[in-house]
Amino acid sequence: MDLKFQLDPSEYITSIKFDCMQTSRRLELSNGKEAKVEEKCERYQGDIKGFRPVEITQNNQKLQLDPNNAQVS
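So the sequence shown is numbered by the numbering used here: it starts at 1 and just counts up by one.
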């Protein structure tokens with residue numbers, strides 16, 4: 001797919017820069033209570049048809065909870 005944006009009758013841009021953030025959270029239950037939480041955050045940066053490669057930055061967290069006392073273990 002080619003994207004072109006007209007600036008004036010003789011100029012076009014064929015490159016787009018992007019910076020996106022995606023966050024997902026996964027929750028497991030044990031005996032009706034939270035037992036495990038996993039949170040994942042990814043940032044995508046780059047150019048489409050540009051000079052920079054796509055960069056992916058991840059920030060993942062895992063949390064294990066004891067179902068008996070709901071404390072972080």
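Don't take every hint at face value.
What the hints assert, rightly or not - Here are the in silico distance ranges between beta carbons for each label pair:
no., residue 1, residue 2, range
1, 17, 37, 13 to 21 Å
2, 57, 33, 20 to 28 Å
3, 57, 32, 34 to 42 Å
4, 57, 37, 14 to 22 Å
5, 31, 57, 31 to 39 Å
6, 59, 18, 27 to 35 Å
7, 58, 28, 16 to 24 Å
8, 18, 38, 21 to 29 Å
9, 16, 38, 25 to 33 Å
10, 30, 60, 20 to 28 Å
11, 59, 28, 14 to 22 Å
No lab work stands behind these hints: they were computed from the structure. Beta carbons are placed, not taken as given, at the ideal position from N, Cα and C, and that holds for glycine.
Structure-based check of all given hints:
Against the hinted window of 13 to 21 Å, the Cβ-Cβ separation of residue 17 and residue 37 comes to about 33 Å, which falls outside the hint. Separated by about 32 Å at the C-beta atoms, residue 57 and residue 33 break the suggested range of 20 to 28 Å. Range check, residue 57 to residue 32: Cβ separation about 35 Å, and the 34 to 42 Å hint holds. At about 21 Å, the CB distance of residue 57 to residue 37 agrees with the hint of 14 to 22 Å.
Separated by about 36 Å at the C-beta atoms, residue 31 and residue 57 satisfy the suggested range of 31 to 39 Å. The supplied range of 27 to 35 Å is broken by residue 59 and residue 18, whose beta-carbon atoms lie about 19 Å from each other. The hint said 16 to 24 Å for the Cβ distance between residue 58 and residue 28, and at roughly 20 Å that hint holds. For residue 18 paired with residue 38, a C-beta distance near 26 Å keeps the hint of 21 to 29 Å intact.
Checked against the hint of 25 to 33 Å, the pair residue 16 and residue 38 passes, with Cβ atoms roughly 32 Å apart. Residue 30 and residue 60 have their C-beta atoms about 21 Å apart, which keeps the hinted 20 to 28 Å range intact. Remark: the range hint 14 to 22 Å for residue 59 to residue 28 is upheld by a beta-carbon distance near 20 Å.
Checked against the numbered hints given earlier, this structure breaks hints 1, 2 and 6; the rest are met.
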